[in-house]
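Asks: Work out the full structure: start from the sequences and follow the hints.
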Amino acid sequence: DGGITQSPKYLFRKEGQNVTLSCEQNLNHDAMYWYRQDPGQGLRLIYYSQIVNDFQKGDIAEGYSVSREKKESFPLTVTSAQKNPTAFYLCASRAGPQETQYFGPGTRLLVL
Amino acid sequence: AQSVSQHNHHVILSEAASLELGCNYSYGGTVNLFWYVQYPGQHLQLLLKYFSGDPLVKGIKGFEAEFIKSKFSFNLRKPSVQWSDTAEYFCAVNAAGGYNKLIFGAGTRLAVHP
Chain A
87 DGGITQSPKY
97 LFRKEGQNVT
107 LSCEQNLNHD
117 AMYWYRQDPG
127 QGLRLIYYSQ
137 IVNDFQKGDI
147 AEGYSVSREK
157 KESFPLTVTS
167 AQKNPTAFYL
177 CASRAGPQET
187 QYFGPGTRLL
197 VL
Chain B
936 AQSVSQHNHH
946 VILSEAASLE
956 LGCNYSYGGT
966 VNLFWYVQYP
976 GQHLQLLLKY
986 FSGDPLVKGI
996 KGFEAEFIKS
1006 KFSFNLRKPS
1016 VQWSDTAEYF
1026 CAVNAAGGYN
1036 KLIFGAGTRL
1046 AVHP
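Protein sequences appear in the order of chains A and B.
Yeah, the first sequence ends on 198 if you go by my numbering, and it's all consecutive.
Yeah, the second sequence ends on 1049 if you go by my numbering, and it's all consecutive.
Think of the hints as simulated: they come from the structure by calculation, not from any bench.
Be aware that a few hints might be false.
Here chain B is said to cover these stretches of chain A; the calculated rule only asks that three of the stretch's residues, wherever they fall, bring their Cβ under 8 Å from a Cβ of chain B [stated by the list, open to error]:
#, region
1, 127-136
2, 183-194
Label pairs and their computed distance ranges (CB to CB) [as the list claims (entries may be wrong)]:
#, chain 1, residue 1, chain 2, residue 2, range
3, B, Glu1001, A, Ala167, 40 to 50 Å
4, B, Leu991, A, Lys100, 50 to 60 Å
5, B, His1048, A, Ile137, 44 to 54 Å
6, B, His1048, A, Ala167, 39 to 49 Å
7, A, Arg194, B, Lys1004, 37 to 47 Å
8, B, Lys1006, A, Lys100, 41 to 51 Å
9, B, Lys1004, A, Asn114, 32 to 42 Å
10, B, Gln980, A, Arg194, 15 to 25 Å
11, B, His944, A, Thr172, 14 to 24 Å
12, A, Asn139, B, Glu955, 42 to 52 Å
13, B, Lys1006, A, Phe98, 38 to 48 Å
14, B, Phe986, A, Gln127, 25 to 35 Å
Note that beta-carbon positions come from the ideal geometry of N, C-alpha and C, so glycine has one too.
Replies: Shown next as structure tokens:
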């Protein structure tokens, strides 16, 4: 069954703690993306990676970090520096420059 | 900087009514355009896309969109909506070529009443 998996579906975090969201794809896509979705604001790009061991900041990278050690994996860490981390986080991947982005099911993060 | 504007944040329709959701973008160069849909509790999925060619694009579930370059618009249409079309719809654009990032509009929540 091919696709993008994100885990967990729901995640609770205490204020001041770092937390890592998982994103795995078995589509053999080169590029992977992390978005944050807030009500009424659409999706905003956090980080993206076009190839292994390389990634770039998106529009709202502050308080987040990523790694891309393997083609199929692109974990996102929400650090304690992120002032408003409660949101729905979506991972996406794309096969090539002129290809469509496909999205995972998302992880809803709630900071208590 | 690129931006995408969706004019309607909430739309309420009765079944069989016609639908048109507005989308305008700001970017001077060649673009790729997308409509994504997010049904309640489901993945964000592609509804249709425009890269080049015929500006009238047909997508899944009877949706279509028309790219009007002179108006920087890519409005989504469906002649007769169903209750199952209740969802949130996002317009997105990226500059053509390369791994240029996708810019999303704020989304339009559509509620279709039986």
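Asks: None of the hints should be skipped; say for each whether it holds.
Replies: Each hint, compared with the structure:
no., hint, in the structure
1, 127-136, "holds (count 7)"
2, 183-194, "holds (count 9)"
3, Glu1001(B) to Ala167(A): 40 to 50 Å, "holds, 44 Å"
4, Leu991(B) to Lys100(A): 50 to 60 Å, "holds, 52 Å"
5, His1048(B) to Ile137(A): 44 to 54 Å, "holds, 47 Å"
6, His1048(B) to Ala167(A): 39 to 49 Å, "holds, 44 Å"
7, Arg194(A) to Lys1004(B): 37 to 47 Å, "holds, 38 Å"
8, Lys1006(B) to Lys100(A): 41 to 51 Å, "holds, 49 Å"
9, Lys1004(B) to Asn114(A): 32 to 42 Å, "holds, 34 Å"
10, Gln980(B) to Arg194(A): 15 to 25 Å, "holds, 18 Å"
11, His944(B) to Thr172(A): 14 to 24 Å, "holds, 21 Å"
12, Asn139(A) to Glu955(B): 42 to 52 Å, "holds, 45 Å"
13, Lys1006(B) to Phe98(A): 38 to 48 Å, "holds, 46 Å"
14, Phe986(B) to Gln127(A): 25 to 35 Å, "holds, 26 Å"
Violated hints are absent here; each numbered hint is respected by the structure.
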